[in-house]
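> If you want the building blocks of each chain, they are given just below.
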Amino acid sequence: MEINNCVSIKGLTKKYSKFTLGELDINIPEGMATALIGANGAGKTTLIDILCGVTHKTAGDVVYFNEKNDIGDPALRERIGYCASNAFFPLTFTAKDIAVSMEIAYKSFDRKKFAELCEKFEVDSENTRKPRNMMKQSDGNRMRTCLASVFARDTDLLVLDEPGSSLDPLMRDRLCDRMREYLDDGDGKRSIIFSTHNIADMENAADYAVFMDRGKVIEQGFIEELKEKYVIARGDAENYDKAKSLLLSGNHNRTTFDGLALAENAEKLAEIGVESEIPTLQQLSIGLLKYAEEHR
Amino acid sequence: MKKYIQSLRLFFGRVPLRQMLIFLAVVAFFVVLFAGLDLITSNGDFINGMFEGISAMIGPVAAMMGIMQLIAVYNSCYHEVPGYKYFRSVPDSGVQLSRGIIAANALSIISGIAMLALTFVMLRMVNADVSGIILGALLLPVATGICNFTGFLKRRSTKMLVLIGILSMTGFAAGFCVGASEDGEPTIMEMFMQNCLPFVGILAAGLVIFAAGLIFAVNYAKKKWGVDECAE
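Protein sequences appear in the order of chains A and B.
One rule links them: number in my numbering = place in the first sequence (from 1) + 1.
One rule links them: number in my numbering = place in the second sequence (from 1) + 770.
Quick caveat, the hints were computed from the structure, so don't treat them as lab data.
Any given hint might turn out to be false.
Derived lysine-lysine pairs resembling DSS-like cross-links, with alpha carbons at most 30 Å apart [to be verified]:
1) B:773 <-> A:108
2) B:929 <-> A:137
3) B:994 <-> B:924
4) A:137 <-> B:924
5) A:16 <-> B:994
6) B:994 <-> A:108
7) A:97 <-> B:773
8) A:121 <-> A:131
9) B:994 <-> A:69
10) B:992 <-> A:108
11) B:772 <-> A:19
12) A:114 <-> A:137
13) A:19 <-> B:924
14) B:773 <-> A:19
15) A:114 <-> B:772
16) A:108 <-> A:121
17) B:993 <-> A:11
18) A:113 <-> A:190
19) A:230 <-> A:269
20) B:772 <-> A:108
21) A:190 <-> A:121
22) A:269 <-> A:243
23) A:19 <-> B:994
24) A:97 <-> B:772
25) B:994 <-> B:773
26) A:228 <-> A:11
27) A:131 <-> B:772
28) A:190 <-> A:217
Chain B on its own, in the form it takes in the complex (with noise of 0.2 Å):
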């Protein structure tokens, strides 16, 4: 575990959480602030509304914390980028990317999961819709194996392209979960409630889809990262 850990850190200095502990205090905020004013003004239609979307939003935003650090990881694999240099000379550089990848993943799977907990926890605290957390959870293994399909694609453009989806993703998610919760439709929540079913089934394809991109990820990273890239 601990040479995972250290080929993680060979590629960020020191392990990134800095970012996770400012996003979640930032929640924290954001839920106190707005449960403090639905009370003063007594369920305002505009507090409710804007409340109710915020709620859906931050579940898939908190699964997508983690996954910047992939990433981030993926994005010291090019050529052009400052450090590339420095990566590739290092002894064992590939084995050492291999490492610094899987670590990435439990990183983002480990601090998903964690910011979902603690995001759920807090909306709990103020009795607020927490469908948007079972998005996320649900959203959270797929983002992350697409993630490793596409760290090492050549154009940058196209993994843009999947990174914008990724985000994509997670707007859908949260409009569908508003979109929901309208009108006495049953929540995710609810729906989750009344049959668990098709969610662990989206779920095992979530994490069959990851399984997949990270063996790929891994392959590529001892055995073809580098090999046909030009230095000059």
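Next comes chain A alone, as it looks inside the complex (with noise of 0.2 Å):
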């Protein structure tokens, strides 16, 4: 089956005084869920600038939805839901400051739609007798409200700069189903792009990851794929300098170790007694994160 994409990124730069992101050549896939994957620093926030218009590319294209590369076009940005991480509205908005702005902002943003998933999320909306301003209200709350800000508009393309760092485990789950919920709405034609640290948690939501170390990316794909060409490789202490050529990176101690490694070594790893198992996706990270930090 052939996939379209629904962000084509061919040769992107950003350069800072004290910081590179790129060349950057990422293929986020049609009608499903990206998770941007990195350590602190690693780009993620400055690729979701530069996806959603807040931050200039220094050189490169992005094509969006196979057809348009200007983010500057306001019909494109009509079709790009953008929350950023966090304090993404002024800190003296209400919930009814937020709908008056977004609607002069947005076309397609639905203010009775925002006020529902307001009340949804358990947050004020501009229904509630005297709303508190983003000021007043927790780190978790401020990302409820702009999550429903973002939902509450007919979008394309969701791009979300860690949606679930500040949510409580409960309201992740939640996210993770809205987020389903989402792309199912959109017939396949509806994608999502969010960089997450709460890999575990938000695995469920996602279907293709891109994982990215200094400004580059160094691993991307299905994530069902990806589980496919890496394995956890698990054995005894004694075993680990045997298996240590055949491991990306790994763990040891005095009794056992742990591993990431190619699936093509599974067989190899077997011979000399160690096992392997299929990755999750957090160990997929840490895996190829770690490999990442020793080999820079």
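Reconstruct the complex from the two isolated chains, following the hints.
Structure representation (structure tokens):
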């Protein structure tokens, strides 16, 4: 089955005095949720900001929905829902101010839906008597309000910068459900890009993953394929020296060891008495990021 | 006109008029209070002096009320400030900001004039000196123009210095006003009544600074806002 790209990134770079993002070549599949995974400072936020027109790129091309490449185009921005990691809205804004402002900014903003979502996410809505401004709300509630505002628009692409980081586990679970609903309602035409550090909690929401380290992409692919490409190897400490050369990264103590290895080496690992198992996204992420860190 | 107000509302959620109404209420309260005290104490030196100082200060301060809204619009242009990413990500963000700036300037000037007029009426009702109102009117376009020129300064400390400078101008104007009315010297109001030409000249120069500042800010908002800013 041929999969269309919702966003195609080619040769993208952004240069700051102390950090360079790229060159990046990434294809974000349409109709799916893509997770951007990386350590702090990997460039996830910069990439998201470039995709949403908050920051200008230094070079390269970004093509959205196979047709548009100018993020300055208001029609394109209408199709993209964006939510930054923290304090997206001014701290003086109440839910009512957000509704007023978003209604002016976006044609597709549904004020009634926003109020409903605020109530569903258990935060002040514009119908709340004496709604509190953002300053008086916790980080989690700010993020809930921000998510309500972005889900209240009719968009084709959601770009969420660490949406789960300030949410409690229950809300993270609800967010995953909400993201799935969003994709299902889009009939294969809607996509999501989100960055996360809460990999275990957000694993259910992601179909595709892009792993980043120090401004570069170190791995990308469909999660199911990546789980076939890599294995988690586990064995006794006495076998560690023999297995070491086959491991990409790993941990060991006096009795046991575990680490990430290529699935193609599973048989060789088995020959030396090391078991292999399918990695979770969390294990895959830690293994790949550790590997990147050790090979900088 | 509507789209300019809409752009301003995009940055504020609602047009903030509450502060101005509170200011007016406070001015009205103190004018009545001091006029009453002046009457009771039969022109006592202490109350007289205080009233003189306050009436001189009120004019320039009234003129500055609207500028606070303008400063608030410029404050949302910095990437360190909460809300920056939202404002940058909306469709036509540069155009929205430029319209917001124009609307905030209009609001600044209109509300400044309205506040000066209302303060003038209140001071006249108690026969107080209205020289501060004239200085406030002269100060209003200059301060608004400077605000526009410095709105996009990257160094916030420099911006703060400019703001302090504008507020100091208010203080100097008030001091000048009180000093000029001492011991039989003609007050600013009397000087204005005798020969208004110098005042008109200063006002015209202020309007030029205002217009230049506004053009600069609008162009910057449309073409350069956020171009080199880091978001990481």
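> Check the structure against each numbered hint from earlier and tell me which ones fail, lowest number first.
11, 14
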